[in-house]
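**Q** Taking the hints into account, I'd like the entire structure generated from these sequences.
Line order of the protein sequences matches chains A and B. When we follow the numbering used here, the leftmost residue of the first sequence carries the number 1, and every step to the right adds one. When we follow the numbering used here, the leftmost residue of the second sequence carries the number 1, and every step to the right adds one.
Incorrect hints may appear among the rest.
[To be verified] Think about it this way: if two alpha-carbon atoms lie no more than 25 Å apart in a straight line, the pair counts; the simulated DSS-like pairs of lysine-lysine are:
#1 B:K150 - A:K33
#2 A:K217 - B:K228
#3 B:K316 - B:K270
#4 A:K60 - A:K183
#5 B:K228 - B:K113
#6 B:K89 - B:K14
#7 B:K14 - B:K63
#8 A:K220 - B:K228
#9 B:K63 - B:K113
#10 B:K150 - B:K270
#11 B:K316 - A:K33
#12 B:K270 - B:K286
Calculated directly from the structure, the hints in this document are not laboratory data.
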Amino acid sequence: MPEDMSIESYLAQGGVLTNPSNVPPRYRAELMKLMATFVDSELAGAAGFADIINQGPGIKERIAAAKIVLEKTDNADRVLSIMGEFGANTARYANHHPWSARLDRDADIGASRSEHDMRLAVFNYPLQGWADAVVMNLLMGRAVAVQLAEFSMVSYQPLAEAFRAIAPVEARHAELAEEGLIKLLEAEDKASVQTSVDYWWPRVAASFGSSDADRLKALKTLGLRRTDSQELRARWSAETTAIVEKLGLTAG
Amino acid sequence: MARFHDLEVTDIHKTIRDAVVVTLKPVNGAAEEFDFTQGQYLTFRQDFEGEELRRSYSICAGKDEGILQVGIKRVDGGAFSTWANEDLKVGDTVQAMPPMGGFFTELNAANEKQYLGFAGGSGITPVLSILKTTLAREPGSTFTLVYANKGVNTIMFREELEDLKNTYMGRFNVIHVLESDAQEIDLFTGLVTEEKCADLFKTGWIDIENVDTAFICGPEPMMLGIAKALRDHGLTDNQIKFELFASAQPGRLKRKVVSKDAASSANQAKASITLDGATQTIEMPKDTTILDAALDNAMDAPYACKAGVCSTCRCKVLEGEVEMVTNHALEDYEVEKGYVLSCQSFPLTDNVVVDFDQ
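**A** Right, here's the structure in full:
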């Protein structure tokens, strides 16, 4: 056999880990944070969207919204079960926090997390009605697509595989939002939709987090990140600006 | 959370000098929970001088053999593997969690796929389970195994693999690559490296163009080299399945040292916190958690739920005592080793030393 190699240098060279038995402690911690951020965001997103289902203007819209709630909850469950293999108490985890809780619409928390869960800051803001929810879902759906493309390459194979399975489901949610928005714009006045775009754009942009060169380097060494946050945000901004402008709206 | 179940050892035999194949039977009606998927592993626990050790070993049986079987190779200085090789006998009871792991792909009888497996030493165990199951359940598929070993004497399951070649003539092929024993074909001597793989592809021993899925289980450098070669020859990450059981699983852990000066005074404690290789010593109130104290001092300590359920904030207490008020995530054996959930732990002694890096 070839000579022994430390897990750290294996990871730094692009190695893949496959089970909890040999992940180093700091790797475990960063991986758990990453998973908790995803699970909390999905649970909070689904819980917030659940309240909107009944506001859908027609039965097709309500079906689409209910499907999104169902699938986001299912996606949370997939990743939470991986956390469970590391010892997280999955049953308690799912209920330890009121996922539908929101701050005020004009609260200013930047990219910071709340005290008791890891949801991305954007999921702390309340939705205001159907059109607002559709806009948020489109902008955030596009952001999720960019983030999942990044995280589908993480060095923990069970999580990378979960994200690869989740990515097309989330991509479909953004498509549903885009279709919903096209329909809305036929009836709704454009100004109110634009107000929602203006409201959500900077908040979704902030969800990419800040660039911290040292941290990025550390996460790259563990194989948990590849791309700088700025770059991901720029990619999202370019892609989403094109979509928003195609709809006759202005990007934030 | 997964629970441990009792399993009875119904058979144990050597496959090579220092590796045993252990057949297990779930008792107390747990059979259903041990209905595994090919390529999965079992996590065992066993007490050694009052300290619990956990070790994971891959299942080597195929789905259609109707048995639960793991292969355990003795590792120098490895308490569990030495015990399994020297002391374990038929009739003994061992404890394991239900099968876990995702080292497999969905099988379908209609598939006509070409699979490629790489195994290094005892890394053969899950690959053997996969190839036996695949050959039995996908009559239109083929499987090529590249099996790396030191020498002929250390090839686990050598005879069984020969038998499989005869059973599945034309659908199963094994290439033995031996580090120290010379073979007729030079290409089959040495280590399975990136270059060796490229040579195997180039010379046509492996039809890499038509490989649908590759499985790799072996030591770290071997995995890296093979993965690189596969990617260079057009396989995507979706087509490469890995299983790694590091050769260096963490060794025995020392018990935590209780500070001699355990006398507690007032409300202040001195906490020495290690994170990412750096240690900070801080003064903290005893009604603050270790995690909050670290965060208050600009340390990037890990956490997620802050409710004692997720275990992200786990750290190890090396000196002093803390009180963990809630724990829904750590198991007794972890607590015994000194691990605590820092989001739920308050200093009891005037001095505490904790480490997030262990």
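**Q** Compare the structure with each hint and give your call.
**A** How the hints compare with the structure:
1. B:K150 - A:K33: Status violated; Cα separation ~40 Å.
2. A:K217 - B:K228: It holds: about 22 Å lies between the C-alpha atoms, which stays within 25 Å.
3. B:K316 - B:K270: holds (16 Å)
4. A:K60 - A:K183: This hinted pair holds, its Cα atoms lying about 12 Å apart.
5. B:K228 - B:K113: At roughly 22 Å apart (the allowed maximum being 25 Å), K113 of chain B and K228 of chain B satisfy the hint.
6. B:K89 - B:K14: Roughly 12 Å separates the two Cα atoms, so the pair holds.
7. B:K14 - B:K63: The hint holds at about 22 Å.
8. A:K220 - B:K228: holds (18 Å)
9. B:K63 - B:K113: Holds, at roughly 19 Å.
10. B:K150 - B:K270: Judged against 25 Å, a Cα distance of about 52 Å means the pair is violated.
11. B:K316 - A:K33: Answer holds: K316 of chain B to K33 of chain A is near 18 Å, not above 25 Å.
12. B:K270 - B:K286: holds (9 Å)
Comparing the model with each numbered hint stated earlier shows that hints 1 and 10 do not hold.
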